[in-house]
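Student: The chain contents come next:
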Amino acid sequence: MSITYLEAIREAQAYLLKNDPRVYIYGQDVGAFGGAFKATKNLATEFPGRVIDAPISEDAMIGSAVGAAIEGLRPIIEVQFADFSTVGFNQMVNQAATLFWRTEVPCPITLRLPSGGTSGGGPFHSQCLESIYAHFPGLIVCTPATVEDAYSMLIESVTLDDPVVFCEHKYLYFHLKAKSLPQEALPIGKARIAREGRDMTIVTYSAMVHECLEAAKEMAQDGIQIEVVDLRTVKPIDTDTIIASVARTGRLLCVAEEWPWGGVNAEVISRVVAEGFNLLDAPPQRINAKDTPIPYHPRLWSVHRPTAQSIIAASRHLLRI
Amino acid sequence: MNQELNRETIEQAYRYMLTARKLDERLAQLYRAGDIFGGVFLGKGQEALSVSVGMALRKGDIYAPLIRDGAGRLAFGETVLDALRNCLGSPLGPMRARDGNVHRGRPREGCMAMISHLGASISVVNGALMAKRMKGESGFMGAACIGEGATSTGAFHEALNQAAIEKLPLLLVVANNQYAYSTPTTMQFACKKLTDKAVGYGVTAHEVDGTDLESCWNTLQSAARKAREGEGPQLIVAELLRLCGHGEHDDAHYVTDDMKQSNVGKDCMELARTLMTSQHGFSDQELQEWETSTQKDINHSISIVKQEGGPDPYTHSWNPLATRELNEQANGIAK
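Chains as they are written, first to last, in my numbering: chain A, 5 to 325; chain B, 5 to 339.
One chain only, chain B, in its complex shape (with noise of 0.2 Å):
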């Protein structure tokens, strides 16, 4: 059953959506302000697209978001805290201040935690989706997002071929942000849409507008039906514009004014905003009141964190494996 995009369903997507805009643009100032090691990769822009993926899952269901899913992540079942850890290099963070800023997950709770290399999330999935088959569940559903530029990987391909030859019920979401850090789509793909790529896998595909909010929940809500359903792997291609740089660090001088006056180029953030009073009977005066909640609690939470600290080189545990007498303690530190 697909579930609609009511009052009480467009208010939780709009949150997320807020919640991780806000939090976008918070890292952004931490960043500027040298808080944050290393860098900092906003999803500013793709919000529609990602709530409504975070949504279609549920518990017991498996989640490898990319760098622009903070609102996925959100309607997934990540906190806020969670997130500020990981970007400020909190030991209480899920990664324990041994990873940082996208890259961060809970994989017991079916949030992977990606890598850096594109497209090596999508087997991940596949491997988890085949292992809960295996022991009899059920029901279950997995998501693997990826931009247009992964589309381009041999892990893409291989892991796309392996999802429709095993009919796993799979969401590939692909956000087509129409540049790979700098590189345009014309240089990553020839083919006319992404969504072609499907019928070579034999898997069904979707186009969605990425801009907006309802395209996005239909979207998504059908294909996730038709994968629970056991019609196999489904192609979701949403069409929008990365609103920032591929990180803080990145002007994005190379996106083009004609791109940013197109339809892609429309912010999801306001158009949602616009359906919210228009569709759904919320007020301007409502949706001000929780923009500065919004605000309020997320500068709590930076302050909690701030606190926190970060990790003790000295006491740190150097072990990679599991099995701890099998630890090689050839490094000096390692004890």
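Excised from the complex, chain A in its bound form (with noise of 0.2 Å):
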């Protein structure tokens, strides 16, 4: 028995709604069509009148969660994919962020982000966001990597008295599997030490700690140990453990799919340098992918994102200098 990420969020869902009569589910397709990745499958008919299809109406979906989270509710929104979330973005930003700042009020909301690229995915399916949400003060960003973290950080994100944008990494949806669910779990706002090494530290999160992984585990046939930093949630950034990571190894190199301009590895870099300065053995690294929209072909695509390749030639740079 196996399960997958995928799976996992749909359980995560699956839960929620049956322990908390506060959910409810709004998105496209997401009722009795099950969504368009079918993370809410069979829940419209095991969970009635709470799995509701919205009309291609993002600002509309996020504001009416917001006026449903005053009421007391604890609304999900499924958005297709991360980039159709900038049509509600205003409502995101500026109406459920601000929401306990100015009124005392929480707002805990959830925004399901479809995210990052899938082959073929091209320039409006693909993209990673979670920097122009991190940006914005009121909202907490999780990146979950790993089929447990799917699952038991979309469950505590429904829990949080916030709004909470949740994004959920396409390309490990179906290939990514786990023996079980978890039965307990780092809380959100808590990095991850995917594997431990001496000689440097990779910080990243989402679908490239599989991406750096695989380097540090080609690295180490050449006897060089990589410590890898799983963020889990951007916002907060968890900088006590990557830190630490930094003072063990003297060497860091951040790695994200999303664009290079003000991203997260800049905000990781900016920390470090600001705070362990002293630490560092060598100037810090980081990749991204490519400053372009995200191109359609599989054979620009494998190059645009970072690859456990590309890791590779820039650990052995950073090892260098």
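Keep in mind the hints are simulated off the structure, nothing from the lab.
Quick caveat, the model's predicted, so the values are computed rather than measured.
In silico SDA-like links for lysine to any residue, alpha-carbon gap of 20 Å or less:
no.: 1; chain 1: B; residue 1: Lys139; chain 2: B; residue 2: Arg62
no.: 2; chain 1: B; residue 1: Lys171; chain 2: A; residue 2: Arg54
no.: 3; chain 1: A; residue 1: Lys194; chain 2: B; residue 2: Thr327
no.: 4; chain 1: A; residue 1: Lys22; chain 2: B; residue 2: Met138
no.: 5; chain 1: B; residue 1: Lys139; chain 2: A; residue 2: Pro110
no.: 6; chain 1: B; residue 1: Lys171; chain 2: A; residue 2: Gln32
no.: 7; chain 1: B; residue 1: Lys270; chain 2: B; residue 2: Ala256
no.: 8; chain 1: B; residue 1: Lys139; chain 2: A; residue 2: Arg54
no.: 9; chain 1: A; residue 1: Lys194; chain 2: B; residue 2: Ala326
no.: 10; chain 1: B; residue 1: Lys139; chain 2: A; residue 2: Asp24
no.: 11; chain 1: B; residue 1: Lys139; chain 2: A; residue 2: Leu47
no.: 12; chain 1: B; residue 1: Lys139; chain 2: A; residue 2: Gly53
no.: 13; chain 1: A; residue 1: Lys22; chain 2: B; residue 2: Gly140
no.: 14; chain 1: B; residue 1: Lys139; chain 2: A; residue 2: Thr163
Two chains, each in its own frame: build the complex with the hints.
Tutor: Quick look at the structure:
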């Protein structure tokens, strides 16, 4: 018996619907159809009236979630692709994110964003938008890399009294499997050491964790031990775990699938340089997707985002300088 | 059941309108005296419509007022002190000096605190109404108020369509005050009348003379009854004129004389006053006494609020999240 990353998201939602009458799901095609990726498969039948099809109106979907949260409910909004959430961006960053600060009324809504690239996805079905959401105060941004985290962090997201942007990676939906669902988990806001090592630290998150682990495995054959930190949550960032790792290794490479400008990598490097400059034996490095829209053709896409091979190259460079 | 505009209800409505108008006049003075940070936005000329919306609502309903809804807010339960505290930046106000002027509300009591983005409140009201339905409540209603400018936004379109699909008991009240800041209606929409839009969304439309209290009252009562009885969203379009600038920083020189002298340019307060004396037996002296006592009450409230001072940035909590342990403490001030 095994469970995929996508099934874990479905199971987390089933658990939430079963155990919390305040939870409902709203999004395009989430009802009888079960969602574009089947993340809500059969939930409309199991929980009548609580898994609701929305018109193609991301602004109204998210705005209505804020109203429902004020009334004490805990909506989960499924946006079909993270890329489309920009249509509802205003409601998330201006309405949801400011509500508690302005009125002391919490805004417990969870925005599920199927994120990141898959082969053939192209410019508008592939984006990673965690950094633009993380920029706004009042939002929590989760980026689970494992089946276990997809499950436990989604449950915790809905339990929190704040708006959460839950960036689930489409590349992991079907390929990533675990034996069973977790019984316990690290909380949101805590990073995880995905692999221990003494020679350098890679800080990464979401699907890139797996590329980094593959790179670390290959580098280990040459006797190089890379420590891989999985951020799990990009806002807040667990700076303590990052600094502690850099203190052990003296070298830092940041890897993210999103675009480079002002992103998570930039934030991590900025914090390490500001708070742990003396721990560094070499200038921190980063790899991101190329600074262009995301290409459609698999051959172009294969070099657009970081891969195990480009991470290895960057690691070897970092170890030389 | 429609509630009639009788001697008792018109007295209540008029008193709310009067308080809103007097409060606006004092806010304009305070603005000119430099006592207010940021802008001041008045509801002059829109009181009859606003109060009719506020009084069509009941406790337990949802209300998303816009910037010119002082009268409606009072009718829905806002106090003069709340309004003044927000405008003067008192930490005891509903937004604790974190937001100012018309950006205020008490969401737990059903009054949403508007953001500046026009049309964005409509879907918030929709969501609250959907939640009430999911919780098994009945007989409730929501009102979202906008100007004609907001009808051009995507948020308006998405939210009205959403309300129609979900058959929500929503009053969408459009105060067509002829100018969105300085933009005339000819540059805002190309349909003959804004009520023409209703058919495209599958909702009922009501058109009303926004300067006339009795018409506003009857229209809002009728629309509210339909909404509460399950007939879905009601689009109400009131024709009126903003009798002031967009804010007090704006002299509204772009409002044409023709417009001022047309039907929409009539002052709803003066018309309401005539209605009170000619149809409902109130005397001029009585109305004058109300005006004096309202003015006195407002001045008393101002003196209270002025003594409360402003917020203390050093003891202020700088946490944007309700989950205390997840607030990033990167900002040097934040402890």
